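Asker: As a plain string of letters, each chain reads:
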Amino acid sequence: MSLLRRCRERVRAFWNKPALDAELEAELAAHLELAIDENLKRGLAPEEARRLALVSLGGMEQAKEQQREERGLMTLDILLQDLKYTLRTLGRDRGFTTVAILILALGIGANIAVFSVVNTLLLRPLPFTHSEQLVRILEKDPKGGESSMTYSTDAMQEFQAKNRSFQQVTGYFAFSGPDNNKLTGKGQPEPVTGLMVAGNFFPTLGVEPLLGRQFSAEDCLKNSRPVTMLSYPFWKRRFGANPGLVGQTIDIDGKQVTVVGVLPNTFDFGSVFSPGAKVDFFGPAIFGDMEDWGNTMALVGRLKPGVTLGLAQSEADSLFPQLHSNLKHPEYGDNYTANLMGLKDYVSGKLRRSLIVLWCAVGMILLIVCVNLSNLLLARAAARGKEFALRTALGAGRGRIVRQLLTESLVLSGAGAILGLGMAFVIVAWLAHQGSIALPLLGSLRIDGAALGWTLLIALATSVLFGLAPGLRMGRGNLQAALKDGGRGASEGRSHERMRAVLVVSEVGLACVLLVGAGLLLRSFLQVLDVDLGFEPSHSAAISIAYDDVGDAVKRGAIWQQVIQRVKQIPGVEGAGISDNLPMSVNRSWGISAKGHTYRKGELADTFVYVVSPGYLHSIGMRLVKGRDIRWEDNDKKQAVVVINETVARHLWPGEDPVGRIAYAGGVEAQVIGVVADVHETNAETEAGWQMYLSATAPQFGPVGANLVVQTKLPPAALASGVTRVLREINPGQPANEFRPIQMLVDHASSPRRFFMLLVGAFAGLGLLLAALGIYGVISYSVTQRTQEIGIRMALGSSTGRVQRDVIAKTLWLAVAGIVLGTVASLAVARLIASMLFATSPWDGGTFAGMAVALLAVALVSGYIPARRASRIDPMVALRDN
Amino acid sequence: MGKLDLLQGTLDLMVLKTLAAMGPQHGYGIARRIEQVSGNEVLLNQGTIYASLVRLEQRGWIESNWGVSDNNRKAKFYAITVSGRKQLAADARYWARLTGVMDKVLAMSPDLGGEEGAA
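So the protein lines, in turn, are chains A and B. Those letters in the first sequence? Residues 4 to 885, by this note's numbering. Those letters in the second sequence? Residues 1036 to 1154, by this note's numbering.
Okay, chain B solo, but in the shape it has when bound:
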């Protein structure tokens, strides 16, 4: 089985969650973390993370500062803001609801559909 294509908007949510969980992190770190957590199931061109980061930053949900990494490399570090956490909570709730509905819909059995059709 091939890797999963990311749904529109899901990358932003992943980035927010990663930053909330891990604290300030640079682009490479975020990308690696997502790959690891997903068990390398997500097809992620690491480069796309930067489009997501600029999108989130322009909305004020994350902020960035240049800093130094563990192995002494200069890198741009991103951190989640207060409004970013709020957004994360809202998006996570939404996502949970959506997956709940999707689960139910996909678990639908054929005769149930037939009954509704007859009603």
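One chain only, chain A, in its complex shape:
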């Protein structure tokens, strides 16, 4: 009770300081008067009476201080005092303060930004209710692109009915390209991206519509009234966020589609399932129409509570091989497998290592920042030695001085953290809008509570890290030596210098590790750019075209032929062709085998299939190795034609000429008419798969969509309007699709690598800069310290060249020590990132040599400036001063 009261009183006293101090003053004055009165009464002389009164009081100031200590919150008082003092000193030393805060802001800002990325991609659960229950179901050996990661609607429904591990099994149509539909309203038809999802897709994920309702069972029936749910950004952009739209119809591909709901802003399909893609609207997958489409659904399931992934996997292992791909055609085969993967793992599992490496790199930057600041503070310590010695002499304890110094570093790191937070805000906001980077969940990137907590943590950690060492060192200072002459020439100065040298060497070492890491990643990236893709992305551009062939191959041929002929007449166009799918974008796969052969299980692979026009192979820069290209006349109903890639040729007809052979392609008899060089169809880093190219005029096959590829030496933007105009003349309903350079597809595929490489590179650059600053600081300081010595040497006849050489030699010694240390550390680190490298050895000699040269060069420059200053010292001035 009384303790509680005491606390309250203390807090009150803290705020009431001036009044209480005045009262204490009066009380003590009264005390003194009373004591003097009594002494006078005893017959002492006034002088003596006063002296004795003071003696028995035992020190006026001590009495006051004791009372204040009992009365208020001393700790807080001291803190405030320290803060006031800190602000005053830092304010006086503006140059130091600015540099320190800037360095800290860079280090802390980079850390917050990277933490936000790591937190969003790796640490935070997916933005769905109980997201840990969500599972992505894939084939066990997904070599054939999307087609081998998908299942038929029959298989999906069968699994849904038979399994006991999942609450729900749902899926989405995996073969939607961007801009696959057109929306007609006011003005030009607009390309929009639609996606079919199973009716229970959103309920399974736990996504509730913002407006309207979910898809109903009736919506998913054959011949039902077409309905759609809009994504929030689309609803906002295209319909001005009009809530009255629900229940209205919109015109999609000439059909009146009723809007039944709008999805919440928090739901971003692309960011989770298909990084970099945006989906405008969703339609229900009508299973009744899709039975004969083959494997088109990407499956996602929600586990029942308490069912582990392992349990579900073992059930799937026994169930999936029994599933039918088409219940009406049991002969179509039924060799499904299933690999259950936590959805989170599927989304960001591949990025885990890169992200951790990134995190470590940015942590290293923070370390370098701390080392650098320690260094700066030590330099200041030398200059402030006298100040602290004086304070010690006046009664400040060592703890009090360390406390003062820690307050200073806290203030610095606090200011750095605030500025850094601002920088991180800008970076994060910018990153969140980089749709072209194929990283998942990037759109939901933001500075959240966790990031703020992290900021606080690293601000505190850094202030302790960089403030404690100089603090302890200074608290220990030798009073006498310091008071005598600021410590110059004393042993303290030399041990300071040694410590600073150690700091600089470790800083150079850390920068070395960062440089090697960045160098290896850069080298890998260059190797990726150097890969022979099998086509030439730099000279072509593509646009998705709309046409209506009513499913007739003859009509389709005529339309395609007309488009290609007209486009070829545009000046600057060197070639044109059409393919349904482009490399490094949407893909699908069928099977191919040599006629008359039987194959063992596993001998054949899913084969990427492209339905193309004559001239397409040439227009995108693919190389025909043997045989001929497809022709418009390749439309034989009995025997189709097929162009295969070298991989297929090697597997099906090893050592033989495949041209002229008969194959089964997609279940249809087809003659091999040509062989093309392998194309990296997924990205530059994975090996090319099996590929085949079929004629667009053959009635046996149907393309999915059409992309017109135009070969040109002009920048694609220059042709865009001409191409669009021609397409509009042929089909007035052609939507305003984007005319995109093929290079964009390639860049998109390599964007995660570019992203990580750029970030680590930026950190390495920062590390190098800080190391240079550190070297400069130490050398420049030692030159200042040794002005007198240098002056004497020069007076005794040492040449300026000699003085310069000495200073530079010292610099190089520091750099070399750091490089040796860093190289050893880099060898270990390089092994850790080996799996992130592409066609680059983790012990790549060039990278290590380049790092060493870069660091030496930077060291030379940062040593040269003080060296020059040293050589300009005027012996007379140097000797006279001091």
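Calculated directly from the structure, the hints in this document are not laboratory data. Any given hint could be a false lead.
[Said to hold, decoys possible] In silico contact screen, one side only, chain A against chain B (beta carbon under 8 Å); selected entries:
id : residue
1  : Ser5
2  : Glu30
3  : Ser59
4  : Glu73
[As the list claims (entries may be wrong)] Where chain B lies over chain A, by a calculated footprint (3+ residues, C-beta under 8 Å):
id : stretch
5  : 7–13
6  : 35–41
All values reported here derive from a predicted model rather than from experimental measurement. Backbone N, C-alpha and C fix where the C-beta goes; we use that ideal spot for every residue, glycine too.
Using the hints, position chain B against chain A.
Answerer: Then chain B, alone, in the frame of chain A:
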């Protein structure tokens, strides 16, 4: 022999007792009284009394008012409160017990210790 250093907390008890015995008193009066009663055996910097007074007042055991002394000086007078008297009683009891125990322990003879060691 030099003067006695005060044990931690004993000054508070002395102040409470002084106020209980003498009625309201100012800081100087309390300090002088303690010096007199102790026969000048206690080493008391009179100034330390003020830390003790603020401690006791914040706990609610004493209260203070400005008043006028016998020789017409303005001074701050302290008086013990009801809860202060309770505290005094409790502390005095505790002190008596402690001194009793200390007396016994210090009166311990060597052979008694030896016996216990043998048991």
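Asker: I'd like to know which numbered hints this structure contradicts. Please list them from smallest to largest.
Answerer: Per hint list: zero violations.
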